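Asker: Chains F and W supply the protein sequences, listed in that same order. The opening position of the first sequence corresponds to residue 5 in my numbering, with each subsequent residue numbered one higher. The opening position of the second sequence corresponds to residue 5 in my numbering, with each subsequent residue numbered one higher.
Check before you lean on any hint, since a few could be wrong.
Which copy is meant is left open, so a pair is good if it fits within one copy or across any two.
Quick list of in silico lysine to aspartate or glutamate cross-link-like pairs, EDC-like style, CA-CA up to 16 Å [to be verified]:
1) K98 x D248
2) K263 x E273
3) K258 x E281
4) K177 x E145
5) K20 x E9
6) K57 x E273
7) K258 x E273
8) K177 x D238
9) K276 x D262
10) K98 x E253
11) K210 x E281
12) K258 x E122
13) K207 x E172
14) K126 x E102
Worth flagging that the hints you see were computed from the coordinates, not collected in a lab. Predicted model, so just to flag it, every value in this text is computed and none were measured.
Protein chains: 2
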Amino acid sequence: MWFTEYWTQNVGITIKAKEIKRIKSKYQEILVLDTYEFGKVLVLDGLIQTTEKDEFMYHEMLVHPALVSHPNPERVLIIGGGDGGSVKEALKHKSVKEVHLCEIDEEVIITSEKYFPEISSKLRDPKVKIFIEDGNKFLDEEESKNYYDVIIIDSSDPVSESEVLFQEQFYKKVRNSLRENGIMIAQTESPILQQEYFKKAVKNIKKVFKYTQVYVGSVPSYPSGTWSYTIASDYIDFLKIKPDLSKFENLNTKYFSDKLYSCLFSIPEFVKKLISEV
Amino acid sequence: MWFTEYWTQNVGITIKAKEIKRIKSKYQEILVLDTYEFGKVLVLDGLIQTTEKDEFMYHEMLVHPALVSHPNPERVLIIGGGDGGSVKEALKHKSVKEVHLCEIDEEVIITSEKYFPEISSKLRDPKVKIFIEDGNKFLDEEESKNYYDVIIIDSSDPVSESEVLFQEQFYKKVRNSLRENGIMIAQTESPILQQEYFKKAVKNIKKVFKYTQVYVGSVPSYPSGTWSYTIASDYIDFLKIKPDLSKFENLNTKYFSDKLYSCLFSIPEFVKKLISEV
Chain F
5 MWFTEYWTQN
15 VGITIKAKEI
25 KRIKSKYQEI
35 LVLDTYEFGK
45 VLVLDGLIQT
55 TEKDEFMYHE
65 MLVHPALVSH
75 PNPERVLIIG
85 GGDGGSVKEA
95 LKHKSVKEVH
105 LCEIDEEVII
115 TSEKYFPEIS
125 SKLRDPKVKI
135 FIEDGNKFLD
145 EEESKNYYDV
155 IIIDSSDPVS
165 ESEVLFQEQF
175 YKKVRNSLRE
185 NGIMIAQTES
195 PILQQEYFKK
205 AVKNIKKVFK
215 YTQVYVGSVP
225 SYPSGTWSYT
235 IASDYIDFLK
245 IKPDLSKFEN
255 LNTKYFSDKL
265 YSCLFSIPEF
275 VKKLISEV
Chain W
5 MWFTEYWTQN
15 VGITIKAKEI
25 KRIKSKYQEI
35 LVLDTYEFGK
45 VLVLDGLIQT
55 TEKDEFMYHE
65 MLVHPALVSH
75 PNPERVLIIG
85 GGDGGSVKEA
95 LKHKSVKEVH
105 LCEIDEEVII
115 TSEKYFPEIS
125 SKLRDPKVKI
135 FIEDGNKFLD
145 EEESKNYYDV
155 IIIDSSDPVS
165 ESEVLFQEQF
175 YKKVRNSLRE
185 NGIMIAQTES
195 PILQQEYFKK
205 AVKNIKKVFK
215 YTQVYVGSVP
225 SYPSGTWSYT
235 IASDYIDFLK
245 IKPDLSKFEN
255 LNTKYFSDKL
265 YSCLFSIPEF
275 VKKLISEV
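Please put together the full structure from these sequences, using the hints given.
Answerer: Okay, here's the thing in structure tokens:
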């Protein structure tokens, strides 16, 4: 049995599976593949979101740079991320007192807890509060304003429900939900195969925040195997700060490190060129 | 028409092609695909070697780190690399007086000159001398001894004719063919999907050279999209040198830069762990 994800109309990844489970939620079709190469794989509407083999590459690079950049992150909001991988990484930081997870599709959480016990292992931690809500509407609520230290946009690709999460209006709400020293980090697609989405996201983030930086990392199960992340703040100039080394201790990472952090923004020239074009 | 390369038995990349040309050489089957996503694609025995879209990522990262690390590279040997991409990058360095290309399969050169005119554009440069020979035997010749400043192992995957290029005996010959300050750089496969090949190459290189370092870069058409390169020398301690900035001028790169070079060895933790296991 082979599952193929078409990254574009003209290229895809094909993965051999022992078993494919299909779940239909209110929002999307959820597949759980049991594969030989990537272990269990979570697929939403045909697109790979999480695999046991490489989830650490994505979640570590999405979560830790923002959390070490913030002087004292206590309150974290994750929008999307129903698999629980970002929650798991965020809770590794001792300063974190509460993690709010805002996932539109409860079925993703249920599926992850059933089939991905390690990735979802921290979803029921007492510090975690789960909101089954549209992230865009969640940020309209009065209690969200000026509340969070770090907001993590762990969205799926900018189609259907997730499209709004790549708009300027949405990033403005994110900014308004951050308190002093607040930082937003967003996954911003492949800078190789999804350059238009990437540029759109970076352009809109730049319009809203004072400081914006882009970095990249490997995720072999995602389009092109190279992924982009955009970090932004009105307070933190990422090029100037030097986080204390103690912030990197006990993170138990398999990808991220203090050395990697210090080189985070040394990105390939073609990515810089794309950013200069937005 | 779809062309699929199986990266392992359990995962592959599938690419839509307008046209597929087949050429049978003495050593291998050569395909030239005309694709929508990657432009023209050169395939040897079923494995993608070069694509118009991303060849710069591979060739720049293979060639430039070694050439800027050497104080004054004049004589360069490329083993493999019949497409000409490494020759093109090497000749961007003003100090280079001669480039020897040792390619076992003349048909690769002929095919590249016919279908990849830009990538192969420097193969007939007066500084270039082409040897149609087995790289392993070429290094046995007396004239090769103690001759080169930089030797670039631009091999295909370690199967059939290329397998010997991953052996300790071969790296010893490389070392003996380098003169003072000499540097070897080798492509060493995917650290994600070809970990055994990667570890074997690094292990053997470490046995032979005093200084060995590994770095990684993106190549979306190669297995996992993340590629490893191993650089080695008996003279140059890569962690201590700081090449003059003038060496980075006029390279006209789309991936490599001085900033990237200064962060070259800040690699993901899982790659460091693999290296520690060899």
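Asker: Could you run down the list of hints and mark each one as holding or not?
Answerer: Do the hints match the structure? See the list:
1. Proximity of K98 to D248 under the C-alpha cut-off of 16 Å is restricted to the intra-copy arrangement: shortest distance 14 Å within a copy versus 42 Å between copies.
2. Taking identical chains as interchangeable, the C-alpha atoms of K263 and E273 lie at most 16 Å apart only when they sit on different chains, with a minimum of 10 Å there against 20 Å within one chain.
3. With identical chains, the CA atoms of K258 and E281 are at most 16 Å apart between copies only, with a shortest distance of 15 Å across copies and 33 Å within one.
4. Within a single copy, K177 and E145 get their C-alpha atoms as close as 10 Å, which meets the 16 Å cut-off; across copies the closest is 69 Å, which misses it.
5. In this homomeric assembly, K20 and E9 come within 16 Å of each other (Cα to Cα) both inside a single copy, at 12 Å, and across copies, at 13 Å.
6. Taking CA atoms no more than 16 Å apart as the test, K57 paired with E273 passes between copies only; the shortest distance there is 15 Å, against 29 Å inside one copy.
7. Taking the shortest Cα distances, K258 and E273 sit within 16 Å of each other only across copies (5 Å), while inside one copy they are farther apart (26 Å).
8. For a Cα distance limit of 16 Å, the shortest separation of K177 from D238 inside one copy, 13 Å, qualifies, whereas the shortest one across copies, 56 Å, does not.
9. Within a single copy, K276 and D262 get their C-alpha atoms only as close as 23 Å, which misses the 16 Å cut-off; across copies the closest is 13 Å, which meets it.
10. For the homomeric pair K98 and E253, the shortest alpha-carbon distance inside one copy (10 Å) is at most 16 Å, but the shortest distance between copies (45 Å) is not.
11. Proximity of K210 to E281 under the C-alpha cut-off of 16 Å is restricted to the intra-copy arrangement: shortest distance 12 Å within a copy versus 43 Å between copies.
12. When the C-alpha separation of K258 and E122 is checked against a cutoff of 16 Å, the pair qualifies only within one copy, where the shortest distance is 15 Å, while the shortest distance between copies is 39 Å.
13. Proximity of K207 and E172 under a CA criterion of 16 Å is satisfied intra-copy only: 9 Å inside one chain copy versus 50 Å between copies.
14. Taking the shortest Cα distances, K126 and E102 sit within 16 Å of each other inside one copy (12 Å), while across copies they are farther apart (59 Å).
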